[in-house]
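Chemist: Residues per chain are reported as follows:
Number of protein chains: 2
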Amino acid sequence: MKLDRLVGERFKERPSDCLVDSHAFMVRGGYMKFVTTGIFSSYMPLKRITRKIEQIMREEMDAVDGQEVSFPVVMPASMWEESGRYESIGKELMRFSDRNDSPLVLGMTHEEAAVHLVREFAKGYKSYPFMIYQIQTKFRDEARPRAGLIRVREFTMKDAYSFHTSQEDLEQYYDRCHKAYERIYARAGLPEVVSVASDSGMMGGKISHEFMLLTPIGEDSIVLCDECDYRANMEAAENILVTEKKADAPLEKVHTPGAHTIEELTAFLGCKEADTCKAVVYQRNADDKYIVLFLRGDLEANETKLTNFLGCDIHPAFITEESGLCAGFIGPVGLDADAIVLYDSSLKGANGLACGANEEEHHMTGLDMDRDVPGAEFHDFAKVFVGGICPKCGKPALRIERGIEVGNIFQLGTKYTESMNMTYTDQDGSVKHPIMGCYGIGVGRLAAAICEAHHDDYGPIWPMSVAPWQVHLCGVRAADTAEVREVSDKLYNDLQAAGVEVIYDDRKVNPGVMFSDADLLGVPVRVTVSPRNLKENVIEVTSRDKSFSAKIPVEGALEELLKIVEDFKKR
Amino acid sequence: MKLDRLVGERFKERPSDCLVDSHAFMVRGGYMKFVTTGIFSSYMPLKRITRKIEQIMREEMDAVDGQEVSFPVVMPASMWEESGRYESIGKELMRFSDRNDSPLVLGMTHEEAAVHLVREFAKGYKSYPFMIYQIQTKFRDEARPRAGLIRVREFTMKDAYSFHTSQEDLEQYYDRCHKAYERIYARAGLPEVVSVASDSGMMGGKISHEFMLLTPIGEDSIVLCDECDYRANMEAAENILVTEKKADAPLEKVHTPGAHTIEELTAFLGCKEADTCKAVVYQRNADDKYIVLFLRGDLEANETKLTNFLGCDIHPAFITEESGLCAGFIGPVGLDADAIVLYDSSLKGANGLACGANEEEHHMTGLDMDRDVPGAEFHDFAKVFVGGICPKCGKPALRIERGIEVGNIFQLGTKYTESMNMTYTDQDGSVKHPIMGCYGIGVGRLAAAICEAHHDDYGPIWPMSVAPWQVHLCGVRAADTAEVREVSDKLYNDLQAAGVEVIYDDRKVNPGVMFSDADLLGVPVRVTVSPRNLKENVIEVTSRDKSFSAKIPVEGALEELLKIVEDFKKR
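Residue numbers (the working numbering), protein chains in the order written: chain A, 1 to 571; chain B, 1 to 571.
Worth flagging that the hints you see were computed from the coordinates, not collected in a lab. It is possible that part of the hints are untrue.
All copies of an identical chain are treated as equivalent in the list; a pair is satisfied when it fits inside any one copy or across any two copies.
[As the list claims (entries may be wrong)] Derived DSS-like pairs (lysine-lysine); straight-line CA-CA distance at most 30 Å: (1) Lys245 to Lys395; (2) Lys2 to Lys432; (3) Lys47 to Lys179; (4) Lys47 to Lys383; (5) Lys432 to Lys12; (6) Lys179 to Lys126; (7) Lys126 to Lys47; (8) Lys535 to Lys47; (9) Lys392 to Lys490; (10) Lys348 to Lys2; (11) Lys569 to Lys245; (12) Lys12 to Lys126; (13) Lys432 to Lys508.
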């Protein structure tokens, strides 16, 4: 490919709406173009990258006996009604109707379609296990698309579905897929991706893992232990607490003028945040019913844990005068409101706490949960914190990092096979529902994550395995220097004939423009043919990551370059 | 791949809802599964076929300097409003709104997206010509999906868009693409596909061609000349007529009791259909305004020509009592109705015609168009007929055949670049709109067309270039014959190691089931290892199309088979 024919613009200024580097480079380098919120078109360089990523995924899925199939983008609502998700999923599921008013949805994931495809096929236990996968466009009507390809509405995903006759078989296969995922990231140039235990959310099932690239721009919080290999998504990380009993104190109402927040209250009373019991109020999306969560004042509520416990979607509350809730002064004693009241484990057995008195400008002190709130049930609703106790090794060694989720795998159980009535006859003649696993990676997000992990100030540094081209050939002054023209044209043709993917810049532009464009395209091996080098009868070979630089004789350059490209493939 | 692991059912009975062979075989052979009207999932065999077809398309598009990009499936309505197609296209364009009530559409074609992607890029004439293409899912809310993959709602299409600075350049490139399309069909095993001049319909532009597989199950009518190479879609074929003057006759009203149709009228009057002037009535979709077309009684109206002339969509009329139209007796003289009245060229200069008298049970005779309908304008609104005059060579040698459209190419002109304001500065400094061409092939429909053209009573006969596998290995009684097991397992492994795609049937089923399953999968080369053959120390090689059959020694079988596979690739 000659660079002067490449469709797409490259430019220097970082667009102000690009908050992360991968987004900025992909816009500046002519990789992608904004169409509407969370929806992009791709130019050739990005298309070449994503096709290579897809091929790596395909090979690794085939290697774990996957069968490539395809499911529709547009599906009948009835299929999603069978699983119950037509009702349970919120606005992310794009719903619409066709010319005959038949309700349809855009696939955001394909568990239903997978069960639909195979449910008449696998009637006997001998057909199991099997795995089907596709690489297909999906749509999720995200409320807040962000960061270029990191969180979009339309995306291409490799999604796989496995079917099993026992939990043991699923677990074995789940491990194989886990390893296949590790190979995918390693081959795509991201061996640093780690897997963390995660929350299964709307997918159903219990055990699931997310694959995370740790990076400050990530939108997920990852909990890691400094003392062991515990890793979990904040949403799923269990909060372990040790509650120390204080001296007994009576429950007393205190006038606390101006103390509306925990900070103001602790300043007023001269106590620590951990010595208070605070209230966080939500409402159910469906009917706006209030949910009051009490937890220790130094902790934060984990909405995912709350949602999972309640089995429904919630949002931060808008507290009305009629609610019976006295905002800023809500406490567990004497609360008189039509609300679901929940208690976090951090309050279990706690005493000597300050809390709201359910009355303007008043708090209580000396709250003893066992004594004053008898019958309260305690569950884990709080976020883990730095220095918290590791649920695996028990040491207070938790730290929190940010990460981009670049893949996830789920043990789904029988949620879909039961609801959609997929059955098989087992060896003993009994009729059972198969157990499912599912396994997804977003293609575009992985491309963006590679760029986040591998770039410098001037552009992406693509690994050879996914680079849009393998060699970037710069013919400096080729337009008006016959010798450069001759040597670089010949190299272009010879390299291509040898099967190397070459982007060739023979434009009449100054070397600075050539090199900054090359930086933006991020091709791993750069070959420069220039009048100055040719005087020494050499050409220059450098790597995009600056780890390699050499001058090689024009004579025999092709063979030498082929060796270098092969070396880079093995890196 | 082992056949016993292959997901999907194969069965014998032809499903009653499968009207064409490709549909029946693809359902019976475990290629596809119905999801909802016009929407299917694909199993592995079909997915492998379509991926091979896509790769052929990709290579041929790259060979004509195409750049693979990707456009979104979901696009903002505003983009289609720019081109005017948001209004002009009917219900086939799937319209819906997202969570913020922003109107969106599902892409059924991507001219708008193509212009959007490049309009800031190609500001100077030197950037031209260029071509971008994608292979992507599309959705068209067809009123009448039919025939399996032949006419669906969701489909994968290769669509390409070229941009030019002159009509000559477009025409040159259009020819290159025409040839690339011929290569695609030839490589996919359909060299018999022909191109025909076609109507450009909603795409805009003047010159366009459709690529047609001639087959009785096709839904298009193709006009061909027996005397020259004229070929056109019925929708676009010009109707050439010679009108013979008859003796003068006065215009007279005749009582024609019971003569409501042309047949009844000609029987009553004892004249030929060609001696009548009939009326065909439509209504505009937008406002139901009536359109009355008069044409010679032996001809049929061509709705496409009418639609193109009117510039709006129409439907057959529902004639009310208030319309002023006297159904069955409508004639051009004394017609008193609020309607657009059109005259087909077949009536130009005609005389001695019978026609309706705009009065129940009455007709006129002796109609002379020049005398009785002065000022009428005549246009070509009629369908060509068998034996009609060829517009190219002028001989009365037209014949009509059925065909499946398997691709189309359009010279679009500046319809999209003007409406979406894409401009470039020409060599002379003037600002112009680039001229576009577009080029599309549906992947699934091509797969179905290959199956229609190449099958027998037992299943598809896939060409090697698109076959789901290259070799179908049958290990007859492998399950309980050690020698068969040994030889066929070894062949399976050796062939795969040599890069051959093998589907291996080692199931414990009788040979009849094995062979009928193999027929349904349609793999070109079949290798049978059986106890009987092994007694002679040979294996049997046959081709799916029955053109080839041989017994080859077990010793050296691999090398011999590799040669056979190579031979089939060259066919």
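Chemist: Which of the listed hints are not met by the structure?
Modeler: 4, 8, 9, 10, 11
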